[in-house]
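Novice: Chains as they are written, first to last, in the working numbering: chain A, 2 to 100; chain B, 1168 to 1786; chain C, -1 to 244.
Errors might be hidden in some of the hints.
Taking lysine to aspartate or glutamate pairs in the EDC-like style, the calculated list, with each CA pair at most 16 Å apart, reads [claimed, not checked]:
#1 C/Lys23 <-> A/Asp67
#2 B/Lys1706 <-> B/Asp1755
#3 B/Lys1516 <-> B/Glu1590
#4 C/Lys50 <-> C/Asp62
#5 B/Lys1448 <-> B/Glu1704
#6 C/Lys200 <-> B/Glu1780
These aren't lab readings, by the way, just hints derived from the structure by calculation.
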Amino acid sequence: MSKEEIHHPTAKQYFRIAMVLSVITAIEVAIFYLEFLGYWMVPILVVLSTGKFALVAMYYMHLRYDHKLFTYLFVSGVVLATVVIFAIISLFSFGIGRW
Amino acid sequence: MSSLPIPVPNIKISRPVNPTGIWSWITTVDHKRIGIMYGITAFILFLSGGIEATIMRLQLAGPELDIVSAAIYNQLFTMHGTTMIFLAIMPLSAAFFNYLIPLQIGARDVAFPRLNAFSYWTFLGGALMLKLSWIGGATDAGWFGYAPLTSIDQNPGKGIDFWILSLQILGVASLGSAFNFIVTIINLRAPGMTWMRLPLFTWMSFITAILLVLAFPVITVALIELTFDRYFAFNFFNVANGGSVVLWQHLFWVFGHPEVYILILPAMGIVSEVLPVFSRKPLFGYATVVLAGAIIAFMGWMVWSHHMFTVGLGPVANTVFTITTMLIAVPTGIKMFNWIGTIWGGSLKLNTPMLFSLGFIAMFLIGGLSGVMHAVSAHDAQQQDTYFVPAHIHYVLFGGAIMAILSGIYFWFPKFSGKMYSEREGKLHFWLMMIGQNVTFFPMHFVGLDGMPRRIYTYAEGMGWDLWNAVATAGVFILIAGFLVMINNLGRHWRNGPTATNDPWDARTLEWSISSPPPHYNFEEIPVVRSLDDWWETKYGTHEKAVPVSGSSDDAHNSDIHMPQPSYWPAVTSLGLFVGGYGIVFNDLLFPYLFAGIGLLITVIGVYAWSLEPVNDPE
Amino acid sequence: MSTDVHNNNTHEDHDYTTTGLNHRKMLMWAFLGSDCMFFGALIATYLVYQGKSLVGPYPIDVFDIPVTSVSTFVLLMSSMSMVLAYAALTQNKINGFRIWMASTAIMGATFIGFQVYEFSSFSTFHVDIESCAEQKVKYGKFDDYEAELCSNAKEDHVETHDGLKPQTNLFGTTFYTLTGFHGAHVTLGIVWILSLLFLSYKKGMITPERHLDVDLAALYWHFVDVVWIVIFTVIYLFGVFPFPGS
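Between the sequences and the hints, there should be enough to build the whole structure, so can you do that?
Specialist: Okay, here's the thing in structure tokens:
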């Protein structure tokens, strides 16, 4: 256990990551008010929040410094959940549609 | 709670020290004892589900019989399905997980012994809650509880509430044990036990546990939504306010189809252990069987809508799910060929476990073929909700899972009891089972294709269904005779059968290298594994004796082995869930949600005491 | 023999593991993977029912993005404070640990406070005549339903309906369930963090050697945070976005 601590980021780095997260959140909210983006808003927001998700998972949850196995356990849940969400939504939109 | 102010209260209920009698069972954390408790409890519940089935078959024995009312009949088929899936096959598999996985991977216990005990007691609580709901009217909406049959308007009784709450509690139990076995298999393998040396039963259990962990949260959410609809008039499945009943079907089957593989993969694992031993050959294509299991688990997530072909999902969805369902037959077929390849050219010993495994292959093949028939969505429209579907599910779950589990029970009986059963009676059981299940379930194909709907409590004369229904009912009695033979055989010989040797079958995996029954610490020295089928290689292979056989070292060594100590808290925590479940169903007793609160309090106390209790107290 | 090495390890409270990884941490990660499916099913339900409510209020009526942005920010900061608490503990700065743990719990409680405020304001939502015009500017969109509400409100000077309750429509049902379960997760996290904080006053319970106890709570806390990252984007920001058909 003690070995992994060596690689852990310092408090300063944690703080910097927090700043990045806050800035991304601010950008997200700003983009939300940019009407002219139209549908472009969706991919941009998806990318930004995925970035936030990844930052927290990699650094705060220190997946980046831990054994790959933890990443597999977690990511399998994340990926499967995402796929199931999309599958159910598309079954509703292409299938019975409105009801 | 117990850790409030700064002078932390030092209320210490000391750990049970060498408890005896009933307390030794309640507080046990020994995976072997928990496994036996799981097995016996699940077998009793299996019999209760069998009684429900028998009553249904009697009702259907002839046209327009009046043995039970339509209302009771609805409860019977719902309870039968729920019981067999959640209270019989899953926990019977769990019994094997508990007993065998640590032995097969060369460990002294599971990774979280107390969590293991918690899983059992929680399972028991959920099971009791479901079965006790017979008092006052059990659930009657079918085992997949389609909305809106479960809505408060259609179904105001308490039966559905019991069903929901007991499934939630059983879900907690299953999740707990699945997490436990994932960690155990990853983390407690003996030195040298690499992934590709893992016994197949353990491999399939591992895949099952992963499926469980990912599938159960979905049914949890579906049940929560249903609960909110019923208790607080939410709109999830309320069509009047725009809700969709199809959403329930999707959520249920997103869970439900992986659940099918949760039921069958451990069975496949058992068969893959039994066949090589009695063929005296290694499993044909070990890596392929493992890979096929993994592919089945993966693809199991892509096929759920084949349960919904007649909902009207549209041609695109039906086509996609037809194709994926056809494809999932491929890895299953691969396993079939591997099993046959294993038997091929082997020097077969047709002992009872082997017979049951061979029976599994034959019966599961029939079930698989009718499964491929359903997979064609156009064809399925003819079969949906007819007796053809129960015929299919009974061939895969009774002819499949139960046959394999029985094979496993006979196979490992000498190991967990230390006694031998009567081979003659075992074979009699096998033949009664083979004849009985085919007489019972095969005619269901005929009446199904002849248009007899499932879940009807009676039928008119002259529909042409009389003969085959009568035959099916007759078959049930052959099955009952078979199980009576089994109970007599195993029950009698467990108490005073001839003593079994450590390795009566000349088997291949580590559990046979230790005494029968194993000592509570399993392995005196943790074995070092050098190959697949290590015990076989140790006996007949080239490498020198690697597995330390018990009795080879001095007794002073034994006192070194520290086993996890018994604990009260798992049972207390489970009790809290049980009380809380009842408290939610009877939420208007004395004070709103009073007993739910009490249950929560017990659970919280249990969890705190549990987490503050060291795994092992210093002695 | 070589087996002796392994023997020594297995006797010590599960110290020997095949992978060298800790049991409990692995359990935690498996649990988090599983919990993803839990939230996945809830989000799927929300999205399937998005735009399918038969009556208002709709997301565009009730969501207050600036307020939710602030609460999102607070939750993000609580994650930072949690990770700093963990870092302080591993460096044996027990007081720093306590301060950061306390601030994590306070920020978590603040987030819950925001949620309570949000729920209560949603459930008492009514169309405000003045804000009708403002909303039009704000979102550049003004659907028929709202126009009708506004005109009704102007004519009658009465509230047109009694707010967003879980029973009101599909949006209420799915929104309160999803965010409510997230809130329940946060609440559980606060209880866990406070328990650890109290335990740190008991000698020998929270030490750098036993940092895993805190690590597990931290993992859970960050997970709750990432779930909120998803909810904020998908439910709040996209919720107001005028998707076709919604």
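Novice: The structure should be examined with respect to each hint, and the outcome stated for every one.
Specialist: Hints, one by one, checked against the model:
Distance hint between C/Lys23 and A/Asp67 is fulfilled; the C-alpha atoms sit about 11 Å from each other, no more than 16 Å. For the hint pairing B/Lys1706 with B/Asp1755, the CA-to-CA distance comes to about 65 Å; that exceeds 16 Å, so the pair is violated. A C-alpha spacing of about 12 Å is found between B/Lys1516 and B/Glu1590, which places the hinted pair at or below 16 Å, so the restraint holds. Between C/Lys50 and C/Asp62 the alpha-carbon distance is near 21 Å, which puts this suggested pair outside the 16 Å criterion.
Using a Cα cut-off of 16 Å, the hinted pair B/Lys1448 and B/Glu1704 holds, with the two alpha carbons roughly 12 Å apart. Taking the CA atoms of C/Lys200 and B/Glu1780, the gap is near 14 Å; set against the 16 Å cutoff, the hint holds.
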